[in-house]
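**Q** Respectively, the protein sequence lines represent chains A and B.
Here our numbering is used: the first residue of the first sequence is 201, the next is one more, and so on.
Here our numbering is used: the first residue of the second sequence is 201, the next is one more, and so on.
Don't take every hint at face value.
Only part of the chain B face toward chain A is listed, based on derived beta-carbon distances under 10 Å [claimed, not checked]:
1) Y238
2) R269
3) T305
4) L308
5) F336
6) A449
7) V474
Hints in this document: simulated from the structure, not taken from any laboratory.
Quick reminder that beta carbons are idealized off the backbone N, C-alpha and C, glycines included.
Spelled out from the first residue to the last, the chains are:
Number of protein chains: 2
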Amino acid sequence: MSTDLTLDLDAEAIALDESDPLRSLRDAFVGSETPLVYFDGNSLGRPPRATADRLSSFVTDQWGGRLIRGWDEAWMDLPFVIGDRIGALALGAAAGQTVIGDSTTVLLYKLLRAALDAQTAADPARVEIVVGRDDFPTDRYLVEGIAAERGARVVWVDVDPTRGVDADLLRAAVGPRTAVVLLSHVSYRSGFLADGATLTAVAHDAGALVLWDLCHSAGSVPVTLDAWGADLAVGCTYKYLNGGPGSPAFAYVAARHQATLVQPVQGWMGAADVFAMGPEYHPAEGMRRFLSGTPPVLGMIAMQDTLDLIARTGIGAIREKSLQLTGFALRVADGILDPLGVRVASPRAEAERGGHILLSHPAMRAVTARLWREDVIPDYRDPAGLRIGLSPLSTSFAETLAGMRAVAEAVRAEA
Amino acid sequence: MSTDLTLDLDAEAIALDESDPLRSLRDAFVGSETPLVYFDGNSLGRPPRATADRLSSFVTDQWGGRLIRGWDEAWMDLPFVIGDRIGALALGAAAGQTVIGDSTTVLLYKLLRAALDAQTAADPARVEIVVGRDDFPTDRYLVEGIAAERGARVVWVDVDPTRGVDADLLRAAVGPRTAVVLLSHVSYRSGFLADGATLTAVAHDAGALVLWDLCHSAGSVPVTLDAWGADLAVGCTYKYLNGGPGSPAFAYVAARHQATLVQPVQGWMGAADVFAMGPEYHPAEGMRRFLSGTPPVLGMIAMQDTLDLIARTGIGAIREKSLQLTGFALRVADGILDPLGVRVASPRAEAERGGHILLSHPAMRAVTARLWREDVIPDYRDPAGLRIGLSPLSTSFAETLAGMRAVAEAVRAEA
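Required output: the full structure, derived from the provided sequences and hints.
**A** Written as structure tokens, this is what we have:
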């Protein structure tokens, strides 16, 4: 590469960091003072520094101090309080439609079952579940399993691996037999950002319900579920919401569906009167019916620090920085990785770009291993994909440039 | 009450505390220095003092320091490592049969579905699920829901409310149509301790599988699943294992069933090769197939402090203290509560006594509210039941006496 290009990229990174209104927030995260480059905040977000204290004081003051009284005083409502907060700050969801509980997989199972069963009951011809063939494994495996147990049929949507399910592909897949469509808002590999409003409308035009998987968008890309007219959504809190490894997921059910959808994992927390402990299960009104077991309170504590940060900045500013980060990463890739045979396997248009980009090269598995040894942490996805996740609150442009340069060195060494 | 009795009880509490080999462990728990009486460790255990630090250093060193590398280095195995530890220390389960994940409700759903589907597939006549009519709501609601969705039939076992399902009742309920029996080892209301070996044999004699609910026994009553020949078990970690509010549950599947049982919530963590992310779901070998989503790592951290304590003391010593605590509580009840019309609604025989006792009186709802205002914390269960939970690691005999005296005062005030 030319010295000019190197100097230009350095100057650009410095200028972008200097003009970044979110710049100081990076210091709020554990490890931001180290030279480690973290390109995996889209898989496990860094902890805010405040989180260690928040958790230890929760243990001492809340759990230890309030003991079982904590349930009455605060924790019973926590799944709804934090759910509503995520809804308001990141999902465009009015209150009373979002709840925290279970894992993404379990929530997807419950909502998919609820939606399929309701659709098939209303119209026995509606027995098809539409899902992308390139979607995250859990989504595909769940659909496969549910179809087998309910006698439904899976309609697989084949996609260009550098993109995801778009309106044309969806239009060709849905019809009078479609019960539910499971869609990824941001594709876990390519980073393709789907058009939420348009795809929801396409599904609705065919009489189908839509379940959105928001795992790779919540907290980095604005989601406007109410405005889309979305039916259902599930997403993850340990990526851009920095809830910690395995923190519980969230579920959204549009208010108009809450009285009719019933999920199959009937536990005490979903019952109409939790402490009556009556003889029969009657599902609660509202979002509580989508809960099953005791809410994972300890797992909900950490994410509140990142929600505080989102409340300060607004999701719009986060999206702006995200686009600047991915835009800069694409320019660096074009400048120093393209000459080495590395291809960008993500959409370039801003409207189709999520919070991470995928770089493709036959040596990427070895490149990833080498980078990890050098404290540059992206992740690898078959086949031959290096994912560069750029978490807007905790990633700087200088860090991005340093990491991309390390990728170039590693490709040179391993190719 | 006579002054003699008062002096006798004081002397007995002092003597019991002095000779208690676990006495010093009480100091290991947050709040043990306060006058608060905690009778609800069977609902939410107190946090060990070490837990606040364990969690905050997990955030900083593990999550913050290792970031996504933590999955490869430790967290992927954590559900099995901690599961095996619970298995060895508290469940009498050899390694490779216990795993942590999801809530009790979700794990019960998955195992009950797996067992019912396998039994019905092997013998289409086996379509009955046997469960106690007085069991914990989640157990009953789940069975009701699964029966409805799978076309199975519920056989309800009626029990004396001061006891639980025993061998005679079970023998009368099972037969050639029984697929699965769901049994509580310790009843959540009465504290009745079931005979695990005998009830397992009764179910097996009828060709049924047994799923044990260990929520109210794990960590206070020795469980010997392998010796019983048990098939399946699920239990809770936030009661006697002090995992924190809503900490994830554990599941046990006997080695001989692991290759044949398949649970319905097919997610990426249960797949044979998690990171291959291949086109089709193939369940993993061993216990991993009973997982669905990303393991709730943050929720598994706290319980390790109590496992350390159990490793030091042994479950046998814990059970001995538990029997002494409940025995003492029964003597105090006979001495100072029986004259006030309060009835013991729990078994008295040691072989049938779990870690808590139930006291019955028409005024118990108001009594509970009054006690809470005075920092004496039992819980109330309909109808008219006051549960006195006596967590062996964190409860003293003096605390027990003080709390029982407060119950007497409250009954006098409210009756």
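**Q** Each of the hints needs a verdict: does it hold here or not?
**A** Structure-based check of all given hints:
Because the closest C-beta pair between Y238 of chain B and chain A is about 6 Å apart, less than 10 Å, the hint holds. The closest approach between the C-beta of R269 of chain B and any C-beta of chain A is roughly 7 Å, which is under the 10 Å cut-off, so the hint is satisfied. Against a cut-off of 10 Å between C-beta atoms, the interface hint on T305 of chain B holds, since the closest Cβ of chain A lies about 3 Å away. Of the supplied interface hints, the one on L308 of chain B holds, with its beta-carbon coming within about 8 Å of a beta-carbon of chain A, less than 10 Å.
For F336 of chain B, the suggested interface contact is upheld, since its CB lies about 7 Å from the closest CB of chain A, less than 10 Å. At its closest, the beta carbon of A449 of chain B sits 7 Å from a beta carbon of chain A; the interface hint therefore holds under the 10 Å criterion. About 8 Å separates the beta-carbon of V474 of chain B from the nearest beta-carbon of chain A, less than 10 Å, and the hint is met.
Every hint, counting from the list given before, is met by this structure.
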